[in-house]
Every structure is written in C-alpha cells, then in structure tokens.
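Participant: Line order of the protein sequences matches chains W and Y. Residue numbering for the first sequence follows this note's numbering, beginning at 1 and increasing consecutively. Residue numbering for the second sequence follows this note's numbering, beginning at 656 and increasing consecutively.
All clues given are correct.
Derived CB-CB ranges, DEER-like:
no., chain 1, residue 1, chain 2, residue 2, range
1, Y, L676, W, A471, 52 to 58 Å
2, Y, L676, W, V322, 32 to 38 Å
3, W, H30, Y, Q697, 33 to 39 Å
4, W, V63, Y, F671, 26 to 32 Å
5, W, V63, Y, F673, 32 to 38 Å
6, W, H30, Y, R696, 27 to 33 Å
Going by beta-carbon spacing under 8 Å, a handful of chain W positions derived as facing chain Y:
no., residue
7, L6
8, I10
9, L35
10, R42
11, A43
12, M50
Keep in mind that the hints were calculated from the coordinates and are not lab data. Here a beta-carbon is modelled for each residue, glycine too, at the ideal position from N, C-alpha and C.
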Amino acid sequence: MFQAELGAGILLAALVLCVVSILISFSAGHREDALLAPIGRRAFCAMAVMIVAAALVLEWALVGHDFEIAYVTEHTDRSLPLALTMAALYGGQEGSLLYWVLGVAVIGSVSLAAAARLGVKLTAYATGFLALVCLFYLIMLVFVASPFSLLATVPPDGLGLNPVLRDGGMLIHPPFMLAGFSFFAIPFSFAMAALLAGRNDVAWIAHTRRVALLGWGLQGVGLTLGMWWAYHVLGWGGYWGWDPVENVALMPWLVTTAYIHSAQIQERRGQLRAWTIFLVIVAFLLSIFGTYIVRSGIVTSVHSFAVSPLGPWFYGFLIVCVVTSAVLLAWRARSLGSPPLESAVSREGAFVAQNVIVMGITAAIFWGTVLPLVSGMFGTPLVVGPSYYERVGAPLFVLLLALLAVGPLLPWRRAGRVWLRALRWPLLAAALSLALLVLFGARSPGALVVLPLLAAALTTSALELARGGRAVQRAPGPWAGAAVRAARRNRRRYGASLAHIGIVVAIAGIAASHFWQTQTQVTLRPGQGFTVAGYHLAYQGLSSQVVGDHSVKTAHLTLGDEQLGPALASYPGLGAQALPRVAIRSTPIADLYLVLVSSRGQSVTITAFVNPLVTWIWAGVGLMILGVIFGNLGGAGPEPVAEPRALRRPAVARS
Amino acid sequence: MTSTLATLCLLLATPFVFWPLLRHWSVAPPGEPETDLASLRQAEMEEVEVDLASGRISSEEAARLRHELA
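Sequences are here, hints too, so could you generate the full structure?
Facilitator: Dropping the structure here:
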C-alpha cells in the first residue's frame with residue numbers, strides 16, 4: 001500500500017511542478033526575464049527528479065512482488081527472472097509511459113542546463129514546450145493510466161509476462177526504442193521555441209543536433225535489436241515484416257536521417273531553414289503518431305499486446321501538436337527565407353536530393369500504414385503487404401544508393417570537372433562488380449542493379465578515408481599521432497564515411513538475404529536427413545522436457561560434428577500457446593536457420609532457411625552507429641548569442 | 656495519503672526551485688540597483704588608478720578605461 005501511495009504522490013508532485021514550469025517559463029520567455037527563466041528550468045529539473053523517483057518506486061514494487069498494485073500483477077509473477085521482472089518497468093502500458101516521460105525529462109533537463117548560451121527567451125520557451133510535452137504524459141499517468149493503481153483483492157501471484165517477451169531481446173529492444181522516441185521531443189521543443197522567439201539562427205540547431213543524433217542512434221539500435229529479436233524469436237526466417245508498428249518506428253528515424261543532413265546545410269550555408277524546422281517537427285509528430293498506432297490497436301499488428309484505451313488521448317495530443325506546430329511555422333514562414341542553392345550539382349544539392357528521396361520513402365511507408373484506416377472509412381479496409389513496400393520503396397532505395405556513391409565526392413557550392421574525374425573509381429567498381437555478377441550467373445535484375453551500386457558507394461567512402469590516409473602520410477611526425485590529429489580535425493567527414501560504409505555493409509546483408517534466401521520444409525523420421533543449399537542435416541530424434549510453466553520439445557539434428565536443436569515450447573497455462581525456438585548457425589557467409597514446425601510421435605516437420613550475409617546487417621548497423629558517435633564527439637559548441645552589455649573593464653595584461 | 660505525500664515532495668522541491676529568487680532578494684534588494692552599479696563603477700575606477708600607479712597600464716590606457724567606465 002505504501003509503495004502505491006508513495007509512487008502516486010510523487011507523480012502528483014511531478015505534475016504540479018510541470019504546471020509551475022510551464023507557467024513560469026512562458027512568462028519568463030515573454031518578458032525575457034532572466035530571473036524567472038531559471039526558476040522555470042529548475043521546476044522542470046525538479047519534475048525530472050520526481051519522475052526518476054516514481055520509476056524507482058515502481059521498480060521497488062516490481063522486485064518486491066507487491067501484487068496489490070495492478071501493474072505488478074499484470075506483468076510479473078514470482079517465477080520470472082529478476083532481469084525480466086525489472087524490465088517489466090517498460091514492458092506494460094503504464095510503465096512504458098512512465099519510461100517515455102522519464103527519457104524526455106532527464107535528457108531535457110541536461111539539454112536545458114547546457115542551453116544557457118542560447119539566451120533567456122529561447123531557453124525559457126524551450127523549457128515551456130518540453131514541460132508541455134511532459135504534461136500530457138503526466139496527466140495520463142496521474143488520471144488515466146496510473147502504474148500505481150491498486151487491486152481490490154491481492155492475488156497470491158501475478159499473471160506473468162507474455163512468452164514472446166520472455167527473451168533477452170525484451171531487456172534491450174524496448175528501452176532503446178522508447179528512449180529514441182522520447183528524445184525527438186527535445187529538438188522539437190527547441191524548434192518550437194525558436195519559432196515562438198523569432199530566432200532563425202543556427203545556434204539552437206547546433207545545440208540540439210547531438211540530442212537528435214543520440215535519439216537517432218538509440219532508435220537505430222532499437223530498430224536493429226527489434227529486427228534481431230524478430231529474427232531469432234518469431235521463427236519465420238526473416239527480420240522485417242513491414243508490420244505497422246515496425247513502420248511507425250522506422251518513419252521518424254528516416255525523417256531524422258534527412259534532418260541530420262539538412263542541418264549541415266543550414267549550419268554551413270544558412271540554407272533550408274524552414275525545411276530543417278519542418279523535419280524536426282515531422283520527426284516528433286511521427287513519433288507521437290507511432291505511439292498512437294501502437295496504443296490504439298487501430299491497425300492489426302504483431303505488437304497487439306500493447307493495445308489499450310489510450311488511443312483517443314494520443315490522437316487528441318497528436319492533433320494539438322500538429323495544429324500548434326503548423327500555426328507557428330506558418331506565422332514565422334516569412335522570416336525563415338534562405339538563399340537558394342548556387343547549383344544543383346553540389347554537396348548541398350546532393351543533400352536536398354537525399355532529403356527528397358528519404359521523405360518520399362517515408363511518405364510511401366506512411367501511406368501503406370494508414371491505408372487500412374483511410375480505405376476503412378469508405379468501405380472495406382485495404383491492407384498492403386511487403387510486395388507494396390518493395391515495389392514502391394525499391395526504386396527510391398536504388399536512387400539513394402546512387403546518391404551515396406556520388407554525393408560524398410561533390411564539393412560545396414558548385415561542382416566542376418574535377419568531380420567528374422573523381423567519379424571514375426566508383427564507376428569502375430560498379431562496372432567490375434556487374435561483370436563479376438554476370439560471370440557468376442546472377443540474373444536477378446534487382447541484384448544486378450543494387451550490388452554494383454553498393455560497390456560504387458563503398459569505393460566512394462573508402463576513397464574519402466584513403467584521402468585522409470594520404471594526408472596523414474605527408475604530415476610530419478609519427479604516423480599514429482598524425483592520424484589521430486587528422487581524425488580529430490575532420491571528425492564529421494570521417495564519421496560520415498564510416499557511417500556510409502556501415503550503411504553499405506548493412507544494405508549488402510539485406511540485399512543478399514533477400515535475393516538469395518533458400519527455404520525448404522521437410523518431414524523427417526529419426527535417421528533421415530536432408531540437404532539445403534549445400535548443408536546436409538541428419539535428424540537423430542525428439543526429446544521432451546518440462547521447464548517451469550511450459551514444456552519444450554526439441555528436435556536433435558546434426559550438421560557434420562555440430563548439434564542443432566530447433567524446439568517448440570508450449571504454455572498450457574496460456575491457452576496452450578506454442579512458440580518456436582529457432583536454431584541458428586551463424587557465419588559471416590550465411591545463417592542456417594532451423595524451425596521446428598510440428599511433431600507427431602518421433603516424426604517432425606522442419607523448415608530450414610539459408611540466409612546469406614545476415615550477420616552483415618548487424619555489423620553494418622554497428623559501424624553506422626560508431627561512425628555517427630565518432631563524427632559528433634567533441635567539436636565546436638553552438639555560437640553564443642550576444643550578452644547584454646555589462647559593467648566590466650577590458651582585459652588587461654598583468655605582469 | 657497520496658495528497659500528503661505529494662505536498663511533502665513539493666515542500667522538499669520548493670527551496671531548489673525558488674533558489675534564484677531567494678538569492679536575488681538576499682544579494683540585491685529591490686530598489687537599490689543604481690547604488691550597486693555605482694559602487695561597482697567606483698571599485699573599477701579605483702582599480703584603474705592602482706594599475707596606473709603601479710605601472711601596469713599606461714596613462715593613455717588609463718584614460719581610455721576611465722572614459723569607458725564613465
């Protein structure tokens with residue numbers, strides 16, 4: 001009882017502090033009051049501390065099996081391992097809302113504390129907007145979906161966790177995704193504050209770029225972990241199913257990818273001001289849209305365990321955010337004008353083309369996701385499958401790859417003949433790889449287009465790194481020291497090259513596993529075997545075992561000296577829900593992926609997949625994240641705004 | 656009990672939140688900013704004179720600083 005009361009009390013205090021922060025911050029921004037502004041910021045920080053305290057109280061209740069709290073009963077039981085019990089903090093509806101607002105509040109506090117140089121007005125408004133975002137979540141947590149609601153009667157044990165979620169992936173995939181989503185609120189709040197304050201300089205962009213990159217990186221990792229989880233838990237042989245919930249997580253990530261590039265044009269050339277703000281706003285709105293789709297259950301999804309009556313609330317919040325941001329953007333549109341591009345064939349032009357293509361892909365995914373809703377209003381809901389996304393998205397991804405091959409070689413402002421000469425190496429790489437593919441019998445048009453483009457893009461990124469290497473060789477002093485100095489001086493350039501190589505490696509994995517996946521299904525008796533894509537497997541027999549609240553049947557297969565055991569787990573207490581346990585043998589060349597579909601006596605039906613280069617996807621994303629981290633560590637901070645003239649003497653040299 | 660605990664939390668947070676206001680009142684009481692500026696100006700003028708006397712700055716530099724502070 002005490003934990004529930006304490007948690008609810010802390011959340012109520014956080015709500016009051018949030019309202020105080022909103023009122024004081026907007027007032028301070030309006031009056032440019034340097035005394036009130038830090039009070040609004042401190043109220044926000046105090047709210048963040050309260051939210052952290054509430055999360056700790058919920059963890060305390062979860063770990064202590066306080067089953068009088070409904071949330072604890074609904075998402076844990078006594079048999080659940082400690083790590084998964086603790087992960088239940090974000091495993092359910094109310095807890096994930098608390099985790100979401102925790103991310104906004106903590107990172108928001110850090111970001112605001114470092115924003116003093118941006119000036120009183122902008123920082124105060126940013127505090128106000130951040131607090132407004134938190135207000136919505138706190139209202140949900142206090143009045144609509146409290147994680148501290150009490151049950152009328154206390155059960156002896158909890159209901160436990162959905163078997164699909166009883167996996168190591170559950171520990172890491174949701175927190176990354178939710179943190180990524182929540183971080184989009186910070187650039188959004190600063191963008192709204194800049195619009196309200198009439199600031200069209202780049203200081204706020206430089207300030208929030210790292211938070212945006214952090215959110216982008218976290219969500220990139222979250223998406224990849226989700227793919228990895230789907231790959232090794234769901235047992236359908238793939239990692240991306242174009243599920244609506246996957247789509248809504250991908251869209252803000254794509255828009256932030258566009259923003260990361262357009263922000264560079266604004267910082268370097270003062271162009272695309274309105275467009276950059278538009279991207280920041282759209283990324284945030286899509287993150288709210290995504291939450292709405294997941295919470296409302298309005299479209300059918302594999303994430304249906306997250307459905308709740310919160311959908312209309314999120315819909316209302318989304319409408320408020322859309323209207324507010326549209327009004328502010330329209331109000332300031334005239335002051336956001338920026339000089340046009342000098343030439344389309346330039347680095348800026350490549351970034352603009354990249355933005356247009358990425359937004360085109362996002363629009364196609366958005367349309368595929370909302371089509372059931374839109375068509376449902378006029379009759380039978382229409383649902384599109386993976387073929388739609390592949391048909392519409394493939395040409396755009398090909399254009400993006402082509403841009404990745406030529407874009408980094410373009411100079412700022414205007415490209416001359418030197419650029420055309422620089423193209424010879426990527427073109428040569430593309431031609432060579434095309435010849436090799438034809439020589440080895442590849443006939444798929446997709447492979448013949450994508451793989452040469454990948455070779456060209458890889459050559460371009462490698463050329464960028466090689467140029468840096470040559471400069472290091474020419475530099476005086478030890479080689480290692482020169483390399484470190486050069487890397488420090490050109491962080492963004494080398495970070496981008498590394499990230500681009502990561503993208504190429506990941507796309508190579510996606511393309512290879514898409515074009516050359518082999519699949520077969522066989523029914524076997526002990527002693528029988530089968531061959532798939534050169535792998536010969538022999539079936540030894542089936543064993544059964546009872547583990548806790550479920551039973552597991554394991555098919556024992558051998559591949560040479562290696563043992564592989566695809567299994568099927570059955571949960572009688574959960575409506576005899578059966579879940580496959582995939583056996584995967586991973587190498588850098590290919591994954592052998594075995595699924596036990598069913599069994600009768602000792603006879604088993606096995607589906608076997610051979611997925612080439614899947615490990616390249618995980619490695620590529622890792623490289624991409626490393627590149628982004630490296631490119632954005634250290635470096636110059638934002639340009640300070642002019643401070644009011646103070647009574648002070650000029651510096652005098654002292655002897 | 657929830658309201659009592661919430662009030663307790665708010666009481667704990669109040670000094671932190673309103674600290675800038677409390678510090679402002681204790682350091683610079685309202686109605687005295689001009690006096691404060693004048694005393695600062697006086698202190699800086701005295702420092703210029705000390706620097707001139709000790710030869711740290713030239714007479715031209717001192718004249719420029721006096722003009723700036725005036």
